[in-house]
Structures are given as structure tokens and as C-alpha cells.
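S.K.: Put the two chains together into one complex; each comes in its own frame, and the hints tell you how they fit.
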Amino acid sequence: DAGVIQSPRHEVTEMGQEVTLRCKPISGHDYLFWYRQTMMRGLELLIYFNNNVPIDDSGMPEDRFSAKMPNASFSTLKIQPSEPRDSAVYFCASSLGAGLYGYTFGSGTRLTVV
Amino acid sequence: AQSVTQLDSQVPVFEEAPVELRCNYSSSVSVYLFWYVQYPNQGLQLLLKYLSGSTLVKGINGFEAEFNKSQTSFHLRKPSVHISDTAEYFCAVSDQGGNEKLTFGTGTRLTIIP
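If you're matching them up, the sequences are chains A and B in order. Going letter by letter, the first sequence gives residues 1 to 114 in our numbering. Going letter by letter, the second sequence gives residues 1 to 114 in our numbering.
Where hints are given, some of them may not hold.
Claimed, not checked - Pairwise CB distance ranges, derived in the manner of DEER restraints: (1) B:SER3 <-> A:MET40: 14 to 24 Å; (2) A:GLN80 <-> B:SER84: 38 to 48 Å; (3) B:THR111 <-> A:MET40: 16 to 26 Å; (4) B:GLU66 <-> A:LEU96: 22 to 32 Å; (5) A:GLU62 <-> B:ARG22: 12 to 22 Å; (6) B:GLN10 <-> A:ARG85: 17 to 27 Å; (7) B:SER9 <-> A:ARG85: 34 to 44 Å.
Stated by the list, open to error - Derived coverage of chain B by chain A (criterion: at least 3 residues anywhere in the stretch with Cβ under 8 Å from a Cβ of chain A; other residues may be distant): (8) 16 to 25; (9) 102 to 114.
Claimed, not checked - Examples of chain B residues toward chain A, derived with CB under 10 Å: (10) TYR36; (11) ALA92; (12) SER94.
I should point out that these hints are in silico values taken from the structure, not numbers from a laboratory. The C-beta atom is built at its ideal place from N, Cα and C for all residues, glycine as well.
So here's chain B without its partners, still in its complex pose (with noise of 0.2 Å):
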């Protein structure tokens, strides 16, 4: 089975700052990975996913995540937030043996100070 831990609930952020969201994951098997971004009063929306191969995967709205094996870890980055990006994020893992099953971690909530 697999776990998902993101570490930080809340995230406060300037406008236009740099911005790390952590996910560490934990599997006995390869995984799947994934980010979702909540908008208020929306549902989830994938942001972006790693399946294979780059380590470094681009989504939508600027945002990155690495995959780094090793550390068991998924962070996701944006260079410049804005407004906009004020939401919930999830990150969630699925395992590569074909159990169709996400597991979500609890949320980071970003918020972005004008």
C-alpha cells in the first residue's frame, strides 16, 4: 500500500515569490505520481503527472514538479506566484502494478499575499 505525506497544511506566499510545495510519498512498488490544484468551490484538477522517463515534469499555470527516487519525493515549484494560484494542492500516488486506486495526501493550501 501506499502513503502520501504532505508536510505543510497552510503555505502563505508574496505575489510574484518563488514557491516549493512538499509530497513525499512512501511505496514498496514504482509509482505514478501526481498534482492536483482545488480552486474554491471546484473540483480537483490535475496540474501535472510523472510516469516515466524526466525526472523534471511541467503542468499547467508555470508550475514544475521533480521526481527524485531516492528521497521519495515529489515537490512542486512555481518561480512567480500570483493571485490566481491561491488553492488547495494535492499530491497523489498511484503504483505502476496496475492497482487503478489514487491515494491523496491531506492538502496544502496556498495562499498568496498581494
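Isolated chain A (complex conformation) (with noise of 0.2 Å):
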């Protein structure tokens, strides 16, 4: 298996604009969890889902983010419009249950909003 596949690697944007980050979970895994890491905050949940439904967006920063799963084998987030707060390094991860499997984590999206 690939493991967990992050698009793109690196996203630098002007503010305003609209980003697109896009994660393909690896194949069975029925939770994909969405983070955020930086070096005043760390890691933070934004959203997880479970057979694509989402569970808990209480992460999520506010309404400009957005996150979606249309199927079992991809979730996008979405900012609108971004703003230089926004820059980070986002980090998707899927499991079969991370209370006893623990998540395989993407190699993550570094945005840099300028």
C-alpha cells in the first residue's frame, strides 16, 4: 500500500485565494482525520470523519475552512478566502480505529500564504 497520499506538498498562495488540499486515505481504513501543525499551536484537529460522514469539525478555525468526503477514498479541505494566519503545515492520517490502531499519517501539505 502507498500509504496515506497528500496533495500537493508544498502550496504557496496569495491572500484571498481559495485552497485545495486533497488526501487519499489508504484502502479499508474507515476514519480520515485532518491536522494542523504549527509552532505556536502544534497539532490540532480540525475534522475527522468516519465512513464519510464527518464526526467532530469542532477544530475547524472557522468558516472559512471547510472539509469534504465525497467518497470512502479521497477528502479535500477547502479555505476561502486564505489569509497569512492560515500558513501551516496540514497533515491528513487515516485508521481502522485509532483507539487500538493508532493513525498512518500523510507526509502533509505545507501552505505558506503570502
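M.R.: Right under this line is the structure:
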């Protein structure tokens, strides 16, 4: 298995532009998590899905952020409009059920908003 | 709800010396415990996990951790570190009651001094 695949690896965009981050989880994993990592705040859980259904989005910073999982093999995290404070590394992770198996993380997308 | 405390944000160690990275957790129920490693510019990778049974758990790259229920700790150890162990290490916990979310600590940056 190729693991959790995220694209793009790096994204530089101007303030106000729409940004879409993509994630392909490991086949058969029924949980998908989106995290944000910054020096100041560490790892923050933004949202997670179970069987493509959003379960907890309490970590989504504000309405500018949205996430979807249209099928078991694809998820997107969208920021519209983007702001400089959104600059961070965004990780996607998938799991069979984190309590017992832990997560498998992707390599992340480094987002820079200028 | 659970919480995880990693008391040391940075740990410098000389090459070939032993190291211990500390992790304490808080939970009202029985837990599963994990250590993850993050190498520069990469995602988090599972190092080892404690589910049940023997309190001494062995992981990849020569690391091991010991679960101590009375002290609510899960410290990570390695008898002799290498330059390649330079990374950030995260402790994480989930409860055994089916909660699929992992709660992560703030991380410990391990720096190996040649």
C-alpha cells in the first residue's frame, strides 16, 4: 500500500485566494483525520470523518475552512479566502479505528499564504 | 476526556548516550498509549504502542517504552542514540471505550550532539 497520499506537498498562494488540499487515505481505513501543525499551536485536530461522514468539526477554525469526503478514497480541505495566519503544515491521517490501531499520517502539505 | 503532558520540549543528548523522553497522561478510563516520531519535513510515524499485557513495549529503531499505571506514565527510552534519531517525538493517548480520537502531547524535540 502506498500509504496516505496528500497533494500538493507545497502550496504558496496569495491572501484571499482559495486553497484546496487533497488526501487519499489507505484503502479499507474507515476513519480520516485532518490536522494542522504550527510552531505556536502544535498539532491541532481540525475535523474527522467516519465512513465518509463528518463526526467532529469542532476544531475547524472558522467558516473559511470546509472539508468534504465524497467517497472512501478521497477527501478535501478547502480554505476560502485564505489568510497569512493559515500558513501551516496540514496533515491527513487515516485509521481502522484509532483507539486500537493508531493513525497513519500522510507527508503533509506545507501551505504558505503571502 | 484525556490529556497528555510532555514535560520536556527539548532534549539534547550526546551520540551513543541513553535517552528518556517523558510522557504523563490523565484519563478517567483505561487507555491505549502511543509514541510517534516526526523526522524533519515528514509526517508522523508510529514508533510503538501499548494496548495491554506486558508493560514494556518495544518499537522500531531500538526504542522501548514502559507503561506505569500507578504513575500514569509512558516514558520512551533508548539505550544508545544515533544522529539519525534527531526528530520530534509525540506521545498520544486514546481511551479503551471506543473513542477513535487520539490526544497528542505537545512534542519533545530530541537533538543528538555528535
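S.K.: State for each hint whether it applies.
M.R.: Cross-check of the supplied hints:
For the pair SER3 of chain B and MET40 of chain A, the supplied restraint of 14 to 24 Å holds, since their beta-carbon distance comes to about 19 Å. Distance hint for GLN80 of chain A and SER84 of chain B: a CB-CB separation of about 40 Å, consistent with the stated range 38 to 48 Å. For the pair THR111 of chain B and MET40 of chain A, the supplied restraint of 16 to 26 Å holds, since their beta-carbon distance comes to about 20 Å. Range check, GLU66 of chain B to LEU96 of chain A: Cβ separation about 26 Å, and the 22 to 32 Å hint holds.
A hinted range of 12 to 22 Å is violated for the C-beta pair GLU62 of chain A and ARG22 of chain B, which are about 35 Å apart. Restraint check, GLN10 of chain B to ARG85 of chain A: a C-beta distance of roughly 25 Å satisfies the suggested window 17 to 27 Å. The given range of 34 to 44 Å is broken by SER9 of chain B and ARG85 of chain A, whose C-beta atoms sit roughly 23 Å from each other. With 0 residues bearing a CB less than 8 Å from a CB of chain A, the stretch 16 to 25 of chain B misses the requirement of three and the coverage assertion fails.
Evaluation of the coverage hint for the stretch 102 to 114 of chain B: fulfilled, as 4 residues show C-beta separations to chain A shorter than 8 Å, against a requirement of three. For TYR36 of chain B, the interface hint holds, the least distance from its beta-carbon to any beta-carbon of chain A being 8 Å, beneath 10 Å. For the restraint placing ALA92 of chain B at the interface with chain A, the shortest Cβ-Cβ distance is roughly 8 Å, inside the 10 Å limit, so the hint holds. Interface hint at SER94 of chain B: satisfied, since its Cβ lies 4 Å from the closest Cβ of chain A, which is below the 10 Å cut-off.
Of the numbered hints stated above, those contradicted by the structure are hints 5, 7 and 8, listed in ascending order.
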